[in-house]
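Chain H is already provided as a structure; the job is to place chain F with the ligands on it using the hints.
Respectively, the protein sequence lines represent chains H and F.
Counting from 1, one number per residue, gives the positions in the first sequence under the working numbering.
Counting from 237, one number per residue, gives the positions in the second sequence under the working numbering.
Each hint should be verified, as a subset may be incorrect.
[As the list claims (entries may be wrong)] Here are a few chain F residues that face chain H, going by a calculated C-beta distance under 10 Å:
1) P325
2) R332
3) T333
4) A409
5) A416
6) T418
7) L419
8) G421
9) I422
10) E423
11) L496
12) D502
13) A503
14) L514
15) Q518
[As the list claims (entries may be wrong)] Chain H regions said to be covered by chain F (calculated; three or more residues, Cβ under 8 Å):
16) 79-89
17) 97-103
Please keep in mind that the hints were generated in silico from the structure rather than gathered at the bench.
Quick caveat: nothing in here was measured; it's all calculated off a predicted structure.
Positions of the beta carbon are idealized from the N, C-alpha and C atoms, including for glycine.
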Amino acid sequence: MLRVQGIDVFYGSIQALKEVSLEVGEGEIVCLIGSNGAGKTTVLRTISGLLKPRKGSIEFMGERIDNKRPSQVVRGGISCVPEGRRIFPGLTVLENLEMGAYVRRRKRTEVSEAMERVFALFPVLKERARQAGGTLSGGQQQMLAIARALMAGPRLLLLDEPSLGLAPFLVEQVFDAIKRINQEEKVTVLLVEQNAKMALEIANRGYVLVNGVVSLHDTASNLKDNEKVRETYLGG
Amino acid sequence: MALSVLVQQLISGLAMGCIYSLVALGYTFIWNAVGIVNLAQGDFVTVAAFLYAATFSNHLKWGFVPALIAVMAVMALFGMGTERVVYHPLQGAHPRTVMLSTLALGILLSNMDIILWGPYPVTTRGPFGQDIIRFGDVSIMQHHVFIIVVTLVLLFLQHLFFQKTTIGKVMRAVAQDREAATLMGIETGQTIAVTFAYSSALAGIAGVLLAPAFMVSVDLGSVGLKGFASCVIGGFGHITGATFGGILLGIAEVFVSSFLSSRYRDAIVFVILVAFLLLRPQGVLGRKVGESL
Ligand SMILES: Nc1ncnc2c1ncn2[C@@H]1O[C@H](COP(=O)(O)OP(=O)(O)OP(=O)(O)O)[C@@H](O)[C@H]1O
Ligand SMILES: [Mg+2]
Chain H
1 MLRVQGIDVF
11 YGSIQALKEV
21 SLEVGEGEIV
31 CLIGSNGAGK
41 TTVLRTISGL
51 LKPRKGSIEF
61 MGERIDNKRP
71 SQVVRGGISC
81 VPEGRRIFPG
91 LTVLENLEMG
101 AYVRRRKRTE
111 VSEAMERVFA
121 LFPVLKERAR
131 QAGGTLSGGQ
141 QQMLAIARAL
151 MAGPRLLLLD
161 EPSLGLAPFL
171 VEQVFDAIKR
181 INQEEKVTVL
191 LVEQNAKMAL
201 EIANRGYVLV
211 NGVVSLHDTA
221 SNLKDNEKVR
231 ETYLGG
Chain F
237 MALSVLVQQL
247 ISGLAMGCIY
257 SLVALGYTFI
267 WNAVGIVNLA
277 QGDFVTVAAF
287 LYAATFSNHL
297 KWGFVPALIA
307 VMAVMALFGM
317 GTERVVYHPL
327 QGAHPRTVML
337 STLALGILLS
347 NMDIILWGPY
357 PVTTRGPFGQ
367 DIIRFGDVSI
377 MQHHVFIIVV
387 TLVLLFLQHL
397 FFQKTTIGKV
407 MRAVAQDREA
417 ATLMGIETGQ
427 TIAVTFAYSS
437 ALAGIAGVLL
447 APAFMVSVDL
457 GSVGLKGFAS
467 CVIGGFGHIT
477 GATFGGILLG
487 IAEVFVSSFL
497 SSRYRDAIVF
507 VILVAFLLLR
517 PQGVLGRKVG
527 ESL
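Chain H extracted, bound-state conformation:
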C-alpha cells in the first residue's frame, strides 16, 4: 500500500534520513521505533508532504506521492497525527473535528457519519464537544488529535508518538483505540514510537531506525525476541 524507497531527507545541509526504505501493506499495523533524534518524525513528515526527499521515492496505492503537496496527500487518503498532538487549542472539539474533515467538507453526510464514528470511539469527546481543545487533558487531547485525523476518512493513518507524556492507563486506552481503528474501521496504521514495548504489542511488523538509517526490520514478535532490540529499546 505504502512503499518508501531509499529516501534521503535533509534539513538544510544536515542529513536526517539516509536511504530509508519501508513498506506498509493494506490492513497492517507497522511500527517504526528508534531513540531520540533517530529521524522517526522526519519519516512521517516526508510521507505527509511537509518535507521533500532529495533522493528516492514514495508510492501510495501505486502512485508517486513524494512530489505532492500535503493537501493532495491528505486527499489521497493519508492522515497524520503529529508529534505533540498539535490540536487547535482555541477551537472547540467540534471545530477541531471540522478542520480534520476539511478536505471533504462539502460531503455533509460523510462528515456527520465520520463524526458519529469518532464519538463512538472516544465518547469523552462528545461530552466535551463545545469545549475549547486547549482545555482538555493530555489524554483527551491525544484522542482529539487521532479523531481529527480520522475525520478526513484516511486509508492510512500515521501516528507520531501517541503515548508521549501520557499516564500508563491512558497509553493503554490510546493503543486500544488504535487497534480498534485498524480492525473495525479498516484503517492501515504506521505507528512511530519510543515506547517500543507497547508498539510491538499491537504491531504486525516493525522497523528500527538508528541515526537516520533503517538498521533492522522484522515481524513484531521476532523484534521482541531480538537481543539488540531488547537491550536498547525494551530495557533488557
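Then chain F with the ligands, alone, in the frame of chain H:
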C-alpha cells in the same frame, strides 16, 4: 465640566476609538497569522481615505455605500498583493526583516499618495457632512454616531464570520497552528493571503470613516501608531483586547486634550504606549508580547 460637554466628549472619543480599534484589528489578524507587525497598516488607512475622498467621492461622485464597497475591494486586493510581494518571498527570513519590508512599503505608499493625489489635503462631505443631532443641550456630530454604529455592526459581522463560516474557522486554525492546519489539507498560503486581504479591508473601512471627519492628507498615517498603541494596551494578538484598547485610547485622548490641552493629544499616546510597554507589556487582557518584537 457640564454633563452635556462630558457626553459630547465621550461620543467623539468613542468614535475615534472605533477607528483605532479597526486599525488595531488589522494589526492583530496579521500578527496572529504570521507573527509580523505590518508597519504599513497606518499608510493603508491613508491610501483608503484618499481613494474614498479624492477618487470615488469627489471625482467619480459615487454614493457612500458603493464607494465604501469599492474601497474595501481595492484594499483587499492590495492586501493580497502585499502578502505576495512583501511577506511571501521573505517567509524563511527573520520577522524583523519582514517588518522592515513592511516599513519600506509604508514609506513608498505615503510618497505614492502625494504623487497620485497631490500634496494638498482633500476634504469630502461624507454621508452626513457637519450635521449635528441635538438632545437637549447635548449636540453630537452625526458622523461620529455613524462611525460608532458602523463599527459595532462590523464587529458583530466579524464575530459571526470567525465563529460560523468555514473560512473563518480555517483562518483561526491557521493562526493557531499553521503546520497542523497544513496536515489537515488546508492551503495555508491562501488562507494567509485572505488574512492580509481582510486586514487591509479593515484599514479601508477605517480610512473611509475617517475621511469626512478630517482633512485627508498623509498625516492620517499617524492612526497607524495609535492602532499599534491600542494593540499594546489590550494585549498584542488579542482580538477583544485590540477592540477595547482602541476605544480606551480614543476616550483617553479626548479627555486629556480637554482637561489639559489639545497640544498633548498626540503626546498622550506615546506616554500610554511607553507606560504599557514598561509596566504591563502583556496589556490589559494578558498574554505576553512575542519575542520577535
Ligand atoms: N527543523 C529541523 N531543522 C534542523 N534539524 C532538524 C529539524 N528537525 C529535526 N532535525 C534533526 O533531524 C534529526 C531527526 O529528527 P526527528 O525529529 O525526525 O527525530 P525523532 O526520531 O522524531 O526524534 P524524537 O524521538 O525526539 O521525536 C535530529 O537529529 C534532529 O536534530
Ligand atoms: Mg519525533
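Hints, verified against the model:
no., hint, result
1, P325, "violated, 19 Å"
2, R332, "violated, 20 Å"
3, T333, "violated, 18 Å"
4, A409, "holds, 5 Å"
5, A416, "holds, 4 Å"
6, T418, "holds, 5 Å"
7, L419, "holds, 5 Å"
8, G421, "holds, 4 Å"
9, I422, "holds, 6 Å"
10, E423, "holds, 6 Å"
11, L496, "violated, 41 Å"
12, D502, "violated, 35 Å"
13, A503, "violated, 37 Å"
14, L514, "violated, 29 Å"
15, Q518, "violated, 17 Å"
16, 79-89, "holds (count 7)"
17, 97-103, "holds (count 5)"
Going down the numbered hints, you'll see the structure goes against 1, 2, 3, 11, 12, 13, 14, 15, while the others check out.
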